[in-house]
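Student: These are the residues of each chain, in order.
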Amino acid sequence: DAGVIQSPRHEVTEMGQEVTLRCKPISGHDYLFWYRQTMMRGLELLIYFNNNVPIDDSGMPEDRFSAKMPNASFSTLKIQPSEPRDSAVYFCASSPRQGAYSNQPQHFGDGTRLSIL
Amino acid sequence: SQQGEEDPQALSIQEGENATMNCSYKTSINNLQWYRQNSGRGLVHLILIRSNEREKHSGRLRVTLDTSKKSSSLLITASRAADTASYFCATDVLQGGGAQKLVFGQGTRLTINP
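Chains as they are written, first to last, in this note's numbering: chain A, 1 to 117; chain B, 118 to 231.
There could be a bad hint or two in this list.
[Unchecked claim] Restricting the straight-line Cα-Cα distance to at most 35 Å, the calculated cross-link-like pairs of lysine-lysine (DSBU-like) are: (1) Lys143/B with Lys24/A; (2) Lys78/A with Lys68/A; (3) Lys143/B with Lys68/A; (4) Lys78/A with Lys24/A; (5) Lys68/A with Lys24/A; (6) Lys173/B with Lys24/A.
Bear in mind the hints are in silico, worked out from the structure with no lab data behind them.
Start from the sequences, fold in the hints, and give me the full structure.
Tutor: See the structure below:
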């Protein structure tokens with residue numbers, strides 16, 4: 001089975017530009033998570049979806065960040081306008097239906113390394 | 118601050134030795150998970166231990182959980198060069214409606230020297 005697929009793998013753009021990151025979760029997984037990883041702050045959860053519906057976006061840093069999941073096989077994370085402090089590695093992960101006690105592991109893509117100049 | 122915090126931040130050992138990493142957390146949990154991250158790659162799930170379990174094994178991995186001390190340890194026995202990676206613990210955070218999210222620690226960077 002294909003794992004979580006993210007694109008692009010690398011993105012370099014200038015401050016002020018719009019950035020769109022893409023994710024294809026594992027087929028059949030109900031949950032999709034977007035994370036950001038930096039040296040200073042580690043791995044932070046930005047937002048997660050259950051059955052395409054956003055459940056918790058409390059980790060989204062600012063209104064410049066938005067995420068959508070139009071169907072079960074595709075999600076986007078958009079930054080507009082981008083700033084140098086947004087430079088990080090962004091990961092998408094998916095997991096099967098959660099039981100009563102979140103017993104399912106998350107499957108991560110290989111991330112998008114984003115550099116804002 | 119992070120729910121889970123790993124100790125040490127970095128560990129360097131010789132191939133064949135055992136590696137032990139520790140994780141402490143602050144609030145009650147339902148389960149704790151360990152993940153590995155190779156350089157330039159995403160995290161890979163290693164093992165999950167439930168709050169009512171004290172120890173779990175998977176191949177060369179041994180995980181312990183002490184809920185009274187709010188701590189867990191990951192032991193890798195007979196280490197290999199391929200074990201070089203960062204290791205993260207993650208704890209669940211109960212939310213309304215039963216849905217949970219994971220909170221990751223800062224990780225331990227393990228280097229196995231040949």
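Student: Next, verify each hint and record whether it holds.
Tutor: Hint by hint, here is what the structure shows:
1. Lys143/B with Lys24/A: holds (33 Å)
2. Lys78/A with Lys68/A: Within the cut-off at roughly 9 Å; holds.
3. Lys143/B with Lys68/A: holds (32 Å)
4. Lys78/A with Lys24/A: holds (15 Å)
5. Lys68/A with Lys24/A: holds (12 Å)
6. Lys173/B with Lys24/A: holds (32 Å)
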